[in-house]
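> Chain by chain, the residues:
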Amino acid sequence: MKQFITGNEAAALGAKLARVKVVSAYPITPQTVIVEKLAEYVANGELDAEYVMVESEHSALSACIGAAATGVRTYTATSSQGLILMSEIMFIASGLRMPLVMANANRSLSAPLSIWNDQQDSMAVRDSGWIQIYCQDNQEIIDSSIQAFRIAEETLLPVMVCFDGYILSHTAENVDVPEQGGVDKFLPPYKYPYALDPEHPVTIGAVGVPEYYEEFRYLLQEAVLKSKEKIVEVGKLFGKQFGREYGLMECYHTGDADVVLVVMGSLSGGVKDIVDEYRKQGLKVGLVNLRVFRPFPAKELAEAFGGAKAVAVIEKDVSMGSTGGLFLDVSVALANAKKAPLLLNFICGLGSRDVTAAQIREVVKSAVEAAKTGEVKEVVRWLGLRETMVGLK
Amino acid sequence: MSKVCKEREKLLPGAVIVEPGCSERTETGSWRSQRPVVDEKKCTGCMICWMYCPDIAIKKGKPVKIDYKYCKGCGICAEVCPVKAIIMEQEGKK
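Keeping their order, the protein sequence lines are chains A and B. According to this note's numbering, the stretch in the first sequence is residues 1 to 393, in order. According to this note's numbering, the stretch in the second sequence is residues 1 to 94, in order.
The following block holds chain A by itself, in its conformation from the complex (with noise of 0.2 angstroms):
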């Protein structure tokens, strides 16, 4: 059934859908319509689960871990500031292999204060052993949650699934809302093999004495790299029974490309305009719409490149006193290849500072000149930077 909704609502929708027993979750701008809606339908009746009110976000993850511990499907939602409270347990909820989903709606992180998007929280903690899925619209934010939790549950990993704040969980748009008895196919009653019982008492959360911590750490790494196959496997599925499949990653105009460039999350519409701009005028421009950045698909990667020249990586982040933290992923996918393309990294909309199409044109002149010339002038660029504020002009 087609609905016309926000990113959030999608969000709660593909939660409700999913028939969660727990929900645990502090409110933050801008994902508060998320936890607010879910309060809601179990208020109503309309779902039939537990909600958890906490004094933060810290103890929102701390309880659904202990939630998902009992076997049960879990979710929670947050955004910038919460999540890097959370950020302490994340590492907990993976290292205990708790197959936990949440939102997140990409905002900034402070300082200075800033509620508006970009992707700085979720890169910060893509070393948490969560899966990260990133949502181009509000379709895919729904279609995205009902996925995860298959993922989540059949490779005991928690996930996340990101979107961009205010652009995608403030915006309505047109979504075709699965039927709950589609989903309820699709995602069976979920049972956890650990789940605590009285009955059979299990340890979770044992000591890693040094004799054993590596081994587990290298499991862990083992089970996030090895997720990929599943998600592409769950994304397939979901394909077939609902009619919109999903990837690792969606290419656009990738296979001749002199030039690719990569995005993450909301961008790619906009950017996609741009590619077709250039391809009436018949320069080989492609584009790499990353969905899944955790785990790092980087020989899916590398592939979808093929015979480029030049690849320009677009994203609403920095790793500070490095490049953005998806070039440095994507400089990593081609290293030891016999032949690389040129790289090129473009720091943009940072707490919603606008990307225009005339930033996006020079984004790919500067692929393009590299190309041509086999030169990169300047590796790191900030799009839509006021220069004369910061000394540059």
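Don't take every hint at face value.
To be verified - Rough simulated footprint, nothing fancy, chain B against chain A, three-plus residues with beta-carbon under 8 angstroms:
hint	segment
1	94 to 103
2	195 to 207
3	210 to 223
If you are wondering where the hints come from, they were derived from the structure by calculation, not from laboratory data. No residue lacks a Cβ here, since even glycine has one placed at the ideal position from N, Cα and C.
Given the coordinates of chain A, assemble chain B onto it according to the supplied hints.
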């Protein structure tokens, strides 16, 4: 190969342990640098040390008995004993 697989099977996801009583197998007595020694004549069997012991390493009785397999030598028992019946002795001293 089969040995590797067997060992790996023991490592359950998230370090879950399905057999109860695993802490019993960790003999923490080896951590000790000082050992509590009970003066059997002075001990009144008041059980204050038994109550305070964080490792359940004191057995009830008059006199109380220290379980050296698990006692880490923290010295709390010696500190709380109202009649000073427990003294801490250096381990490995000849």
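> For every hint, state whether the structure bears it out.
Hint check results:
Under the rule that three or more residues need a Cβ within less than 8 angstroms of chain B, the assignment of the segment 94 to 103 of chain A holds, with 4 such residues. A count of 7 residues in the segment 195 to 207 of chain A with a Cβ less than 8 angstroms from any Cβ of chain B is obtained; the coverage claim is therefore met, three being the minimum. For the segment 210 to 223 of chain A, the stated coverage by chain B holds: 5 residues have a C-beta nearer than 8 angstroms to a C-beta of that chain, and at least 3 were required.
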